[in-house]
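*Asks:* Line by line, the protein sequences are chains E and G. The first sequence begins at 1037 in our numbering and counts up one residue at a time. The second sequence begins at 149 in our numbering and counts up one residue at a time.
Just so you know, nobody snuck in bad clues.
Computed cross-link-like contacts, DSSO-like style, restricted to lysine-lysine with a CA-CA straight-line distance of at most 27 Å:
| # | chain 1 | residue 1 | chain 2 | residue 2 |
| --- | --- | --- | --- | --- |
| 1 | G | Lys854 | G | Lys361 |
| 2 | G | Lys676 | G | Lys311 |
| 3 | G | Lys603 | G | Lys506 |
| 4 | G | Lys232 | G | Lys279 |
| 5 | G | Lys854 | G | Lys832 |
| 6 | G | Lys694 | G | Lys305 |
| 7 | E | Lys1287 | G | Lys880 |
| 8 | G | Lys854 | G | Lys335 |
| 9 | G | Lys232 | G | Lys286 |
| 10 | G | Lys892 | G | Lys880 |
| 11 | E | Lys1239 | G | Lys760 |
| 12 | G | Lys883 | E | Lys1287 |
| 13 | G | Lys592 | G | Lys639 |
| 14 | G | Lys696 | G | Lys321 |
| 15 | E | Lys1176 | E | Lys1361 |
| 16 | G | Lys335 | E | Lys1301 |
| 17 | G | Lys286 | G | Lys225 |
| 18 | G | Lys298 | G | Lys676 |
| 19 | G | Lys519 | G | Lys428 |
| 20 | G | Lys655 | G | Lys672 |
| 21 | G | Lys655 | G | Lys321 |
| 22 | G | Lys854 | E | Lys1301 |
| 23 | E | Lys1301 | G | Lys696 |
| 24 | G | Lys880 | G | Lys832 |
| 25 | E | Lys1361 | E | Lys1333 |
| 26 | G | Lys892 | E | Lys1287 |
| 27 | E | Lys1456 | E | Lys1097 |
| 28 | E | Lys1301 | G | Lys694 |
| 29 | G | Lys232 | G | Lys278 |
| 30 | E | Lys1287 | G | Lys865 |
| 31 | E | Lys1226 | E | Lys1095 |
| 32 | G | Lys865 | E | Lys1301 |
| 33 | G | Lys872 | E | Lys1287 |
| 34 | G | Lys672 | G | Lys639 |
| 35 | G | Lys361 | G | Lys676 |
| 36 | G | Lys854 | E | Lys1287 |
No wet-lab data here; the hints were simulated from the structure.
Residue strings, one per chain:
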Amino acid sequence: MDKELLQHGLNINRRKFLSRMSIGLGSAALGSLLIPGLFEGSAEEEAGFIPGIPHFAPKAKRVIYLFQNGAPSQLETFDYKPTLNKMMGQDLPESIRQGQRLTGMTSGQKSFPLVGSYYKFNQHGQSGAWVSEIFPHMAKIVDDLCIVRSMHTEAINHDPALTFFQTGAQQGNRPSMGSWVSYGLGTENKNLPAFCVLLSRGKGNGQGVYSKLWSNGFLDSIHQGVQFSSGENPILYLQDPDGMDREARRKMLDKVAALNEIQLKNFGDPEIATKIQQYEMAYRMQTAVPEIMDVSKESDDIVKLYGSECLVPGTYAANCLLARKLSENGVRFIQLYHQGWDQHGNLPNEMRGQGRDVDQPSAALITDLKQRGLLDETLVIWGGEFGRTNYCQGAMSEDNYGRDHHPRCFTIWMAGGGIKPGMVYGETDEFGYNIVKNPVHINDFHATILNQLGFDHERLTYRFQGRRYRLTDVSGTVVKDIIT
Amino acid sequence: MKKKYIVILFCLIGGIALFTFICFSGKKSSNINKPDAISYNFQVRPILSDKCYACHGPDANKREAGLRLDIEKEAYKALKDNPKAHAIVPGKPGLSELYIRVSTTDTAIMMPPASSNLPTLTEAEVVIIKKWIEEGAKYEPHWAFVPPQKAPLPKVKNKTWPKNEIDHFVLSKMEEHGLTPNEEADKERLLRRIALDITGLPPTPGMIDSFAKSTDPNAYEKMIDALLQQPAYGERMAIPWLDAARFADSGGYTDDFYRSQWPWRDWVIHAFNENLPYDKFITWQLAGDLIPDATKEQILATGFNRNHKITDEGGVIDEEYRVEYVVDRTNTLGTAILGMTIECARCHDHKYDPISQKNFYQLSAFFNSIKEVGLDAIAPAKNPRMDITREDLNGVLSFITTSRDTAGLQVSVMKDLDTARKTYILSRGAYDQHAEEVQPGTPKSIMAFPDDLPKNRLGLSEWLFDAKHPLTARVFVNRIWQEIFGRGIVKSANDFGMQGELPTNPKLLDWLAVDFRENRWNIKRLVKQIYMSATYRQSSAIPPEKLKADPQNIYLSYAPRIRMNAEMIRDLVLASSGLLQPIIGGPSVKPYQPPGLWELATAGRGTLTIYKQDHGEQLYRRGMYTFIKRTVPPPAMLIFDASNRDQCEVKRSRTNTPLQALIMMNDPTVLEASVALADGLAGKKIAAQAAVTNAFKRIINREPGKQELDILMQYYKEQEVYFKTNPANIEKVTKAGEYKMKNKAGPETAALTRLVQVIYNMAEAITKT
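Extracted from the complex, chain G is given alone in its bound form:
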């Protein structure tokens, strides 16, 4: 109790202080028509980093004139070539070479020089540099390397709108920019949104009706809780992690043989469904094998670091590829967990971030002692590997979905050599160019590696989850935010470094990060918190004035409309038509694929030269189970921007192309689903309008509007007439994929099939609205 009072008192004091501050600063800005103090982190450093660091930054080998501008005391020093001059004289832009040279038009001294191929500073950027120097040229540590702290909740004018802490932060930004939130989305669209976000599947008509009718004030929260309990939640959450973990079903190089890593994928789904806390989720994957008395589940989790591409090309030089695997693991740690582009330091000191080449190899040393070779014997699992026995499948690994051929199942996992391999800095990143020997360690600029931790992968995991670690929590909550809102608070989810984007709402990011850690890295809690916010529940209508004021929706004054990802589109088509087989996990499957793709791109060696399409229920599995042969990934997925799983990827692009239109028009999966849905409706023997409405509800998950219904009914009637006069075409239209009709197809079914195709091709069908 006592603790609680203290917290409230603090909030009060904080609130008053903040209130005073706002009043004061409000007055200040209204009286003096001049921008606030220049922020080093938000305005100056991005300019210096982008336009100067390439030659005056952390990379010692490329540094010109001995000058570095990324460190305060270096930038203030007398210039090496001209000891009378200084790059920066605080308060005096006229005496600062930096300002003189970026503002001049004299090409002889202008910076950056034309030879750098870097664009010159814009006039606005020059003004920023000038003002910053005038104000004292104060440096600040890079925001992402300072441990996050919870700021007090910002005060907002509209006190009734916020539903939880998130909303305070979001609304305060909106108000700062003269924006007001949208009203809450209607119940139907909101339900579709949470169902898609939480499970990756559309709501069923039953769910839609009961949610619409419910008068329970907690109906929304109850729906969220129910959805979070569905096993489909784990599948949906797994997909972005499979991208980050570059999970696939083949080796990835020439010949591209089969690999059996799928039990690891089943574990990921299981871990999300069990709500394994994020610290354990990562620790098991990085170091499960090193945990004392490790269970087979913990060892299986380490498959994460063996998902990378592995060559089977005869004649390659073993060490060249072994090094490549170690580098891949190091890069993946950087992108997936640290949100840093540390791969830049493989060949030279990082040009923008304080990560030296030595740092890179120190990090790589954690992954360099695996009992592995570059070119192993051809087998679905490469050494070191783990056997999965019948006993495991009935016990500790019971979450793995077995099939007929699980006898002798093996999966690649991590296991260290008895004696650690020596790690060297590799000159220019070349596998055979050993330079200085290094020990496992982490970059001090992020956070020094504590002396008391073991210098192995387990110690590395502890380092990541230290309460003072500046990146781990921020990077993860940002990616969750990105997944839900389509854009991270830090837009460059893969780069929190100097060249990355700045957070659009830094206090919100930090609050979420600290809150996540304080609540023991509870992932379900984190996502529920976001779904419960008023921010999330807004309508996605874009009033023209908001489109003008904030076209990228940075301040979230409306809910984003996001084209669904590749897997979700397939799942929506299968689920709405009733074809979906909701089997969790198991070996990857081979649904319809245009003929000849694998066959034309092979030298004829190995088990994956011919695409043997599956039949029966395996044709109707969720998109995440589609077999990924890395060198020829499933085309319909790629066209919708899925990852080719070549390397760690934490941000998919979201394009809108004619090839996508062709898929929705002609992919047998969509055509078959249209027939199946029409056939199912025909079996109900209901009136045409009811059937049309029902189809619309199953796909778009709401009642059609009057105008929409008119268009659809008109089309239906036209088509019905057409098929009555052209009965020969009925069979052609109602035959798709391997679907077997349950009812005899007449003109009505054919017309309905066409109608369903129209609905699948609506933009809204494949959009989270």
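So that you can see chain E by itself, here it is in the shape it has in the complex:
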């Protein structure tokens, strides 16, 4: 391009940039800490978007996603359907099923006998929301929750359904939700990654999770979810080797920096300067992360709140406590996965165990954030990848049955971050099979989360292979009814 024109273009971009800077200088500066080359610009980057600056004032600054992996049944948790108990054993009417495709696990079944919840339900709180007896603690904080009973998806198998929830597409190598948030908001804490992942497993029948779910896809790998684990190394490769104390490490890194400085002087490559900074951040992370992981200084009240399991590293309870600490320290997106929710059989027994794992810590997290004044700015989400069928899979007896995958309706809850508390949203038919009011598709759900974080989901895009990609692909509508 002609130089004059080029210069002109640069001026315009600079002007645009400066006008945006004036609304969020602070966040831009923060964003740049974790996004090297932020202000250099690249062809793949979006012209109208500056990472680290939201589109409008956000209600939530951070997200904690308590993913219940394997898909907990809505019919035994939050979507109370007494009709199923009354019609126990009768076949699912075709007028309700309406040709819904079935998984290969039950498509061969001769009949589809309806089965009601083994557990009792009661109404709780001001909102009068129905909650099953396996969640006594969640029942107590029900007025802080917005229970969405009308979620639906297209996928009927775990892999595509999970991938859909995490990346907005059933197939393909797209960035995870947390990566999008990291890309959009940058980090608040220069010693911690913006997107952290914590895993735990219950005793119920499970489906694996995989690092693909927290992949950065086509975004820079700086936005990849960083998995925290319970062992000696909370972050991979964080711990120094035997015999290397802090002082020795400092000395070593000083020499490395001195050698790199010589190269920088001789070769003038800015990447060397970045490398020097990255080593400094690595050094700081080595102190910051173990400090966060240390729960020994938590008060007895806190331990009591989350349950004593929170002192056992790697449990869901410990991860909930850790999620609070990470969030408190500015981590943007914390993704928990609790495995073991795939009850094709042995449901009454397994769900009770799973419930015990997650009930108290999930409720504790909400209470804890609230008492610290953080719930307003932290969006907490609880739920699985799809629902379960209202009919029984396999043999059915009074105290044993199973449920297959069901995409047409399921329940999740959200709390904090500008979501209306004490609300039950959406409704399913009396069979718990189809949505009859206010359906919320996964794209809508994603659009709503991004909205709470200050982003127009249609404008948070990244250009890759010639196309502007977004988390919500080509659809999605913000669910305005549930936001404050």
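With chain E fixed as given, assemble chain G onto it according to the hints.
*Replies:* Relative to the frame of chain E, chain G by itself:
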């Protein structure tokens, strides 16, 4: 002889013509202070494509107001809604709705409209549109769909610098932008560069010394030839192709069982080492099974199209996944070989490129008749598959590295049904939404499928290697260029379409492409040509004025400094410490990996629930042999931007992060290598300074500078004192991985171990300089 004279004559005429042209145009630009004519392809179309085609482009379903701007005669037509007006009136921007609407501030008529969420045109872009219309609004066919031709070598001012044709093209661009080339890199850095580029391994101290001492004027070329003969060349060349071919050792979906595709990977290494021409390399992979009297080697090559993810999740709908596999093959053909994002046309007509949804399914029809199912029985190889017998291993497939458990070895390959499956356009890409039936075919916009070719994968391969094919050669030479210079001549190596980047040096790209084809797709020749160029041999120092003038080094006035890829980093660490086991091929291996990664991410089914780390020599294999379980890929590789092998990938990103620093600081592989190198040096019983210099040379592959040596020696001495006063720490520091010390470790070895760690953490250690 006669032919040669004619060529020379042509060059002369061309040269004179060009010379005259340059003089003329030089005069023109100095007299009239005005930019040259606007180029449709380079300036206008990128704007139209990015800001207009989404609603006024090839996708018929999303077209607004019946207007399309990607075709000249459509854009000149009277507007449907307002027959008096025209989108474009050549020569008259004031009468052209296009110009009126992109230049206005009136939001009621402004284009693109706010509802599109597309950024409005910058002022500079508006000026370009205006000038282009003033100059007659001439369209040109998309550059990448016009077959490449060799342009005459551009004349350059600095006649002594070019060493081969490449340099003429590169230098002419530099001169155009007022840049001059860097001087040649010093011998040590140059040797490290070619060794890493050709074999993926650093040069040995012996090579460094003999190369430095050699007075042979052809020493550089001889070194290149020698390196190209090393089997490590095939390994190094294979890595980008394994990314493109999404090669891995597991299924890739929930449960993620083991798959035995590695013999195919051994074939790729073999094919590069045998210098199989690119046309055969691709033809065998796409259609080896259809070649008359196909050998088992040719059939093995078709494993390429069976490397994709395959599900083992119980309960999935068979056809849904079978279709997914067919789509994956089609997309891979697009990205890996055609450099086109044809996957966009799966659900709708392509929004930017002239590829319709019908085109997509016509292409997919070539891959739709495989004798396969969506959900097959759990087995390391899925149907159709090929048995590899003991006899094969001793004969036609002798390049496969056998291990103890190769009995019953099978690999997934291609095989068609006796009767072709019908292929349909799938509405919105959904597996069960059959629309119109289609036959195998290729997009006319790229190149029509000749009638005389068989409508199968073999015919498809012939189509790809037709001398008039506009993409095949360009896409491959561009990727080779990208691999060597860190950035392709077309930066978007995966997208040569309308939304892709334009070539920064189009004549060079075309010259290389045609030359590659004319020389029978000879890959070794192609890479040697690049390594022999003066462009490649430049120093990588970046003078501040060049950093300012060309920060992205588009015009290559200095050699790029590129952070090595994940595999190369591991290989450098192992090779420099002497731990590397240079075994070619065989089943993938499981080196050190932080505990619990597989175990925590599994439902407990299958053979890959527990990471069973290898021992002995398998711990020290090159990075490319590390086992890739797709759902939990090796973390150290991923942190250094390796592909997760989920789908075809032809361009890795290159980040610089704190997690990478942590790997170099604490990965047991690096720690063990530091101990091994220190132990080896201790065994030599040489003076401290000699040992330090030696370690530096093994890792950085050059003599340390004085300042550097001072820093290193000072550190060494400090550490030596430390370990003398803290002998209890000696054992801790000299114990890493499964390495067994050869010498008794004293304070010197411990100090040297720490020192080696410092060197491994230098930016230069993991940079191609």
